[in-house]
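Protein chains: 2
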Amino acid sequence: MSEDLKGGSGTDRRRALCGGGPAIILIAPQLGENIGTAARAMANCALDDLRLVSPREGWPSAKAVSAASGADWVIEKARLYPSVEAAIGGLVHVYAASARERSMVKREIGPRAATLEMRAALGAGEPCGVLFGPERTGLLNDEMALADTVLKIPLNPGFSSLNLAQAVLILGYEWFSAAGTPAPQALETRQTLSSAPSRPAEKAELFSFFDHLEEALSEKGFFGEPQKRPSMVRNLRNLFQRAGCTEQELRTLHGVVTALAGPRKRKREGKTG
Amino acid sequence: MSEDLKGGSGTDRRRALCGGGPAIILIAPQLGENIGTAARAMANCALDDLRLVSPREGWPSAKAVSAASGADWVIEKARLYPSVEAAIGGLVHVYAASARERSMVKREIGPRAATLEMRAALGAGEPCGVLFGPERTGLLNDEMALADTVLKIPLNPGFSSLNLAQAVLILGYEWFSAAGTPAPQALETRQTLSSAPSRPAEKAELFSFFDHLEEALSEKGFFGEPQKRPSMVRNLRNLFQRAGCTEQELRTLHGVVTALAGPRKRKREGKTG
Numbered sequence: 001m002s003e004d005l006k007g008g009s010g011t012d013r014r015r016a017l018c019g020g021g022p023a024i025i026l027i028a029p030q031l032g033e034n035i036g037t038a039a040r041a042m043a044n045c046a047l048d049d050l051r052l053v054s055p056r057e058g059w060p061s062a063k064a065v066s067a068a069s070g071a072d073w074v075i076e077k078a079r080l081y082p083s084v085e086a087a088i089g090g091l092v093h094v095y096a097a098s099a100r101e102r103s104m105v106k107r108e109i110g111p112r113a114a115t116l117e118m119r120a121a122l123g124a125g126e127p128c129g130v131l132f133g134p135e136r137t138g139l140l141n142d143e144m145a146l147a148d149t150v151l152k153i154p155l156n157p158g159f160s161s162l163n164l165a166q167a168v169l170i171l172g173y174e175w176f177s178a179a180g181t182p183a184p185q186a187l188e189t190r191q192t193l194s195s196a197p198s199r200p201a202e203k204a205e206l207f208s209f210f211d212h213l214e215e216a217l218s219e220k221g222f223f224g225e226p227q228k229r230p231s232m233v234r235n236l237r238n239l240f241q242r243a244g245c246t247e248q249e250l251r252t253l254h255g256v257v258t259a260l261a262g263p264r265k266r267k268r269e270g271k272t273g
Numbered sequence: 001m002s003e004d005l006k007g008g009s010g011t012d013r014r015r016a017l018c019g020g021g022p023a024i025i026l027i028a029p030q031l032g033e034n035i036g037t038a039a040r041a042m043a044n045c046a047l048d049d050l051r052l053v054s055p056r057e058g059w060p061s062a063k064a065v066s067a068a069s070g071a072d073w074v075i076e077k078a079r080l081y082p083s084v085e086a087a088i089g090g091l092v093h094v095y096a097a098s099a100r101e102r103s104m105v106k107r108e109i110g111p112r113a114a115t116l117e118m119r120a121a122l123g124a125g126e127p128c129g130v131l132f133g134p135e136r137t138g139l140l141n142d143e144m145a146l147a148d149t150v151l152k153i154p155l156n157p158g159f160s161s162l163n164l165a166q167a168v169l170i171l172g173y174e175w176f177s178a179a180g181t182p183a184p185q186a187l188e189t190r191q192t193l194s195s196a197p198s199r200p201a202e203k204a205e206l207f208s209f210f211d212h213l214e215e216a217l218s219e220k221g222f223f224g225e226p227q228k229r230p231s232m233v234r235n236l237r238n239l240f241q242r243a244g245c246t247e248q249e250l251r252t253l254h255g256v257v258t259a260l261a262g263p264r265k266r267k268r269e270g271k272t273g
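Chains as they are written, first to last, in this note's numbering: chain A, 1 to 273; chain B, 1 to 273.
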């Protein structure tokens, strides 16, 4: 790419509209080139919060820079995380992009409605993000269980496989197109019935409750045979994700588990997932 | 690509929804690979009328077949034309895709409005098509002049360059999304990850769980002072109402409470709330 495309004024112009959109979280992307084309698609749509979890070819990536075709500021700003939980811990609303049917009790929504929801949430100061799985396999069910909502792109059901950058592009295109479109409705009244109003919980707070609940259940032998545990954990996580808890409600739920199971045996030591 | 993807039944399923959409006309595409990825994007969106004018690397193209990733029927059906005029001669409405500003007095429209117009026109028996120019340069002004309308994809004005397949994909996505009037979102897929599908719980089943939970919490002294109990109960009930549990999930939740608190002291005697 030529020098003037990387220069200050050129880049400034390119990124002028960027910022404030949802985070794009790529889980274990296989090829640096695909990270680059996804970054380019983000730049096309004025998105610039790129988060990477365990990119297979490592990071930083010269291939990603080359494939980004000038979207350098997105690549430079990208952040690397050791786990999905760490990447989304500070978010309030998380969507999981999926091309295939999942046998999961989870809210499903298309890109157009999702972007309107996200614009409303971001306007209310509630950070949002969208998870994209590896190119070949997509997201694992355990990763889907960390999200509130499945994002399903409407395509020919007989031929729905998109590459990573294209999936990011369609979401971003809807995001960009929706600028100035008001949300169709107020989503939720985020207040508890108790006197003090609360705020929507961040994912890290929810994951901390998952830790507590699953630890208590383990100690009580709830999960039975080890091979049954993963799906039981996913089902419980999906259930509590759907409830859209406030921070106050999570504290209540911690209290419920403590009341039922007794005080925690082990202190938590700063782990979040 | 594997043989079964090319076989009759597989291809039939993939192309089941195809046909009847606008023609996609690629003017002097530079690389066979880009024709293939454009064909794949068309297949994603149930489009199958691909027209080629003077592809630089010739036609047919093995690179195009490979890049189409299984969208063979689009490649096989593609037609080669010697000129733009010949390619669009049979059409009634022609749109010219353009990323940059043109000094041209011409009607300009976005992909969403364009697809609605095209659906109306095609429904009235008036064939439509969209021109896409070469990868590097886009359409010549002379080629633009053969179209009725400029199709402008709304993107970050500082970084609007898309590759050919992505431009086709956005148009196709809008085309496919505009089919019928689908509900803005599918609310939930009511299935658990276990083998047996479940059904949404009846309220009586939910209330039975409330009994169980609140009884267990009372016995553990969770509610503290009596006057605090009503609002704490309401908050917990609201939380579990919002989760929209299935019958199977409620049984799981009963199991959670039993595992944490031990077996119930009193037998339930037919009460529901």
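Read the hints as simulated data drawn from the structure, not as lab findings.
A portion of the hints provided could be inaccurate.
[Claimed, not checked] Chain A regions said to be covered by chain B (calculated; three or more residues, Cβ under 8 angstroms):
# : region
1 : 21–33
2 : 63–71
3 : 86–100
4 : 127–138
5 : 148–156
6 : 166–174
7 : 235–245
In this text the structure is predicted, and so the values were computed from the model without any measurement.
In this text, a Cβ means the ideal position worked out from N, Cα and C, and glycines have one as well.
Results for each hint:
no.: 1; hint: 21–33; verdict: violated (count 0)
no.: 2; hint: 63–71; verdict: holds (count 3)
no.: 3; hint: 86–100; verdict: violated (count 0)
no.: 4; hint: 127–138; verdict: violated (count 0)
no.: 5; hint: 148–156; verdict: holds (count 5)
no.: 6; hint: 166–174; verdict: holds (count 4)
no.: 7; hint: 235–245; verdict: holds (count 8)
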